[in-house]
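> Please construct the entire structure, taking both the sequences and the accompanying hints into account.
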Amino acid sequence: MKFGVVTFPGSNGDYDAFKAVAERLGEEAVYLWHKDHDLQGVDVVILPGGFSYGDYLRAGAIARFSPIMQEVAAHAKAGRPVVGFCNGFQIACEAGLLPGALLRNDSLQFVCAQVPVRVEAANRFTAGYEVGQVLTLPIAHGDGRYTADEATLDRLEGEGQVAFRYVSAAGEVDAAWNPNGSARAIAGVTNAAGNVLGMMPHPERAVEALVSSGDGLPLFESLLARVGA
Amino acid sequence: MSRFRVTVQITPRRGILDPQGKAVAGALHALGFPAVHDVHVGRHIVLELDAADQASAERDARAMCERLLANPVTEDFAIAGVTAGAAT
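In order, the protein sequence lines correspond to chains U and B. Residues in the first sequence are numbered consecutively from -7, following the numbering used here. Residues in the second sequence are numbered consecutively from -14, following the numbering used here.
No lab work stands behind these hints: they were computed from the structure. Yeah, the Cβ is synthetic: ideal placement off N, Cα and C, and Gly gets one too. Among the hints, a few may not be true.
Residues of chain B placed beyond 10 Å of chain U at every Cβ, according to the derived structure [as the list claims (entries may be wrong)]: (1) F18; (2) P19; (3) A20; (4) D23; (5) V58; (6) D61.
Sample of chain U residues with no beta-carbon within 10 Å of chain B, all distances over it, derived [stated by the list, open to error]: (7) H26; (8) D98; (9) A105; (10) G124.
Selected chain U positions facing chain B (in silico; Cβ < 10 Å) [to be verified]: (11) R56; (12) P59; (13) E86.
This is the structure in structure tokens:
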């Protein structure tokens, strides 16, 4: 299976994602340059974390107009998997691949921490987890407050599109465990078709027990399990 | 074509938590301005552009707001002014 990691000017999680795929998952990974119009035949597109275009105007607002985003949108529209981590989630929302928006953290502080995140839905990205399982994943963002109107939030909940939620280590939802003020403590969502995932936590930075929890690796393995399915 | 200067105001949509505005309001209270009830922090964007006339300059700016300058999910925008001629 071939994974493509898009490098925008200001991306800083592209190398982490590349390494997670190439070294921990043992699958083929290629970098996709933001100015190209070629996805190089990849099966999965990863929009990595970072600060594309310096977060100018709004996080992800300018990256969404990068040339390669036309191909990424077509890839998503064809029902093929696209994953956005952190800035990649922001870009996917700005591009309309996912509903909602990510706003400044309610604390106004940049948050860098290992946080408990609960798996909320069984889908092609979470097949390697149990629903209700609490993972430990790193977050590192200033603009992570997931926001959408109430009708959209209700729809996301009803359709099982809330993929991850911030919780306590014991799995409880409470404002005290919500690191950025996200609506309904939402940490990650999928689109209606279920082939695009965006999440603020960084599973690609949690694939080695040495530097984090290792809890991110099953997300990548979940994508593999879908081959031929 | 002539040159126009269009100013655009972008503000967080009412009802959406604006922590920046809240922080500024708190600071103003601490500075001795208790009369301040609410603060909203947005963006003021100045565009210098060429258009056939004032109406089309405004129409172009509006299209720019819809496509890039404002996020339709969380922000409102208003064309604050359209004046002929470039800034000096």
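> Taking the hints in turn, state whether each one holds.
How the hints compare with the structure:
no.	hint	in the structure
1	F18	holds (20 Å)
2	P19	holds (22 Å)
3	A20	holds (24 Å)
4	D23	holds (17 Å)
5	V58	violated (4 Å)
6	D61	holds (13 Å)
7	H26	holds (17 Å)
8	D98	violated (5 Å)
9	A105	holds (18 Å)
10	G124	holds (28 Å)
11	R56	holds (9 Å)
12	P59	violated (16 Å)
13	E86	holds (7 Å)
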